[in-house]
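Using the hints provided, position chain F relative to the given structure of chain C.
2 protein chains.
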Amino acid sequence: MPRTVTGVSSALLVVAVSRALPDGGRSSGLVAVDEPVVTADDLGLTRGDGCFEGLRLVAHPAEGGLEAEVPNLGAHLARMQRSARSLDLPDDPAPWAQLLDLAAREWATSTTGRPLARGEEAAPREAAVKLSMTRGLPQPAGEPVQPTVVVTVSAVDAASLAARRDGVRVASMTRGYGPEAFAGAPWLLGGVKTLSYAVHTAAQREAVRRGADDALLTAADGTLLEGPTSAVLWVPGGGGVPRLRTVAPGSNGILGSTSQQLLFERAQRAGWDATATTGTLADLRSARAVLLTSAVRGPVAVRELDGQPLAVDSALVSELQELAGF
Amino acid sequence: MPRTVTGVSSALLVVAVSRALPDGGRSSGLVAVDEPVVTADDLGLTRGDGCFEGLRLVAHPAEGGLEAEVPNLGAHLARMQRSARSLDLPDDPAPWAQLLDLAAREWATSTTGRPLARGEEAAPREAAVKLSMTRGLPQPAGEPVQPTVVVTVSAVDAASLAARRDGVRVASMTRGYGPEAFAGAPWLLGGVKTLSYAVHTAAQREAVRRGADDALLTAADGTLLEGPTSAVLWVPGGGGVPRLRTVAPGSNGILGSTSQQLLFERAQRAGWDATATTGTLADLRSARAVLLTSAVRGPVAVRELDGQPLAVDSALVSELQELAGF
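The listed protein sequences correspond, in order, to chains C and F. Read in order, the letters of the first sequence correspond to residues 1 to 326 in our numbering. Read in order, the letters of the second sequence correspond to residues 1 to 326 in our numbering.
One chain only, chain C, in its complex shape (with noise of 0.2 Å):
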């Protein structure tokens, strides 16, 4: 299968598809990552009608070559089945999990044919991966989805990785709804992961006009609510036993995080207090350390907020980065 990186899809490494076919099969495979993947009636194209997840793809040394990982795979597999059963689309993971597989076998197995830089072997390799699921084709009403499943995997882009390193700036904007707007309207898709995503991204590009890196959102109260692709966490000030804190997901319709969770998870057996929460800019504002967490990105510190610094405890940082995994 020719998998060609381009100039134009320069990031894209592998794509896997498994989509619905005009005779009434399917079609379930690697392609070239510059081959097209839907038709024009794919209603995921049409409507942003599907929904995703982002996940790490990390490779460790083993007997012939490499060996693929996705950290924290069940989480991300549980969220998207949730995701889909909130969309009324089909909910068993089988199928997403093996079009996985098949990616990362094809990403390790072209990984560990490329001759390793000096010095490489020691660190894990890593990419981006995205698996998606969209309607497909409309169908007539009372027949079954069929849904497409596309996953890519792509070369973790240079932003993330000069984020660990040196952190972000981030712009506080509201996403227009009360703190309880979700509450009783499932139709809102409150805390599922959509391909709809045309908001969240107009909110990082006015993040960038305003001369930060990254976006966080508020409820139209000021609460806080999430990044556009992270979940926001926290260390407040003050000594005793280091305490972590993040919004708690429910009727403010905020997505529960992979990452944050595994992150709690940890750092509670590394004997933090660590809780999700309701929270404020203020308290971002007063605190020793201030972090966005996603899968792929992992937790990166904020460094200035509204274009004024914020405190970053770089020891905390580093600590959470590793329990992390990263």
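FYI, nobody ran anything at the bench for these hints, they're computed from the structure. No experiment lies behind these values; they were computed from the predicted model shown. Glycine included, C-beta positions come from ideal geometry on N, C-alpha and C. Where hints are given, some of them may not hold.
As the list claims (entries may be wrong) - Chain C stretches covered by chain F per the calculated footprint, using a threshold of three residues with CB under 8 Å from any CB of chain F: (1) 32-41; (2) 172-183.
To be verified - Sample of chain C residues lacking proximity to chain F, with all beta carbon distances greater than 12 Å (derived): (3) Val58; (4) Ala59; (5) Gly65; (6) Arg82; (7) Thr109; (8) Asp166; (9) Pro186; (10) Gly190; (11) Gly237; (12) Gly239; (13) Val241; (14) Gly271; (15) Thr278.
Claimed, not checked - Short derived list, chain C residues pointing at chain F, Cβ under 10 Å: (16) Asp92; (17) Ala141; (18) Leu195.
Relative to chain C, chain F alone:
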């Protein structure tokens, strides 16, 4: 160019695409309807990042066959331009209009080739057009966007034809935002017709779950907004000059409706008192007629709201449908 109408992509008649190629060039033209058109990393697919217009295509008998016309084309292209600007996408309508023209001509030609059904000659044939633009492939920071543009022509679905004749049952539900949520927050993309329609389609599924055909969205304070793919109109009770009302767009985030605007202009010329205002569900319950309007389906009567029958003044509905060109 082979075009097969298949069991799966049933409604598609014509597809035209313009997209960036790996070698830096562009590919523009007609493609087979069952041919995939976007790659796995197209931001329209991965983020619902783009905008679209739904347009009606009608065919008039002309010398040598049929001539395709898009009613209200200027208003659609102008709205697409506003959507593009709101998303920081290229806003020159010329490429869209060219691709649209190509697809419309192909449709008219292929429609002419089809044997006419008995008595069909007298009526203009029609189809549904979708003009979409995505942000294309991720580009390095500072590089210009290379959008993907897709135009599809589809058969008008049976449900739309039935709705014109029989009206629809509607279920009201909150959109979650307060009535002024979009003031000063352009990143929330209020009034922008983005490809991120997952909440709109979830609202329509919720409506079906409640035994209705379509949804009617309200603000968090209960004031009227719009349907997921339509504007709401009503004819208040009482005598005198017939009145026509709709919800004014603005900081409520609703979309300026091209078909509502055209209808209101024509209604005013026909002697109606037609203005945009604010409204509540109570206004609909006391109205002589309530309608949803959109470009392809046209104005259709709402005959039931939340399980309760509404008054339907059939003569008024017919007059409004005729004024709108249906």
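Results of checking the hints against the structure:
1. Coverage of a stretch by a chain is defined here by at least three residues with a beta carbon nearer than 8 Å to that chain's beta carbons; for the segment 32-41 of chain C and chain F the count is 9, and the condition holds.
2. Restraint check on the segment 172-183 of chain C versus chain F: 8 residues with Cβ-Cβ distances below 8 Å, three needed, restraint holds.
3. No Cβ of chain F approaches the Cβ of Val58 of chain C within 12 Å, the least distance being about 21 Å, so the stated non-interface status holds.
4. In this structure Ala59 of chain C is separated from chain F by more than 12 Å, as the shortest Cβ-Cβ distance comes to about 21 Å.
5. Its beta-carbon lying about 25 Å from the closest one in chain F, Gly65 of chain C satisfies the requirement of being farther than 12 Å from that chain.
6. Once the 12 Å rule is applied to beta carbons, Arg82 of chain C is consistent with being away from chain F; the minimum gap is 14 Å.
7. With a least beta-carbon separation of about 19 Å from chain F, Thr109 of chain C lies farther than 12 Å from that chain, consistent with its non-interface assignment.
8. The Cβ of Asp166 of chain C lies farther than 12 Å from every Cβ of chain F, with a closest approach of about 16 Å, so its non-interface assignment holds.
9. Some Cβ of chain F comes within 12 Å of the Cβ of Pro186 of chain C; the nearest lies about 7 Å off, and the non-interface call is violated.
10. The Cβ of Gly190 of chain C does not lie farther than 12 Å from every Cβ of chain F; its closest approach is about 8 Å, which violates its non-interface assignment.
11. No Cβ of chain F approaches the Cβ of Gly237 of chain C within 12 Å, the least distance being about 31 Å, so the stated non-interface status holds.
12. Non-interface call for Gly239 of chain C relative to chain F: holds, since the shortest CB-CB distance, roughly 39 Å, exceeds 12 Å.
13. No Cβ of chain F comes within 12 Å of the Cβ of Val241 of chain C; the nearest lies about 38 Å off, and the non-interface call holds.
14. No beta-carbon of chain F comes within 12 Å of the beta-carbon of Gly271 of chain C; the shortest separation is about 39 Å.
15. Against the 12 Å criterion, Thr278 of chain C stays outside the reach of chain F, whose nearest CB is about 19 Å from its own CB.
16. For Asp92 of chain C, the interface hint is violated, since its Cβ never comes within 10 Å of a Cβ in chain F; the closest pair sits about 20 Å apart.
17. Because the beta carbon of Ala141 of chain C sits about 8 Å from the nearest beta carbon in chain F, less than 10 Å, this interface hint is met.
18. A cut of 10 Å between beta carbons decides the hint on Leu195 of chain C: the least distance to chain F is about 5 Å, and the hint holds.
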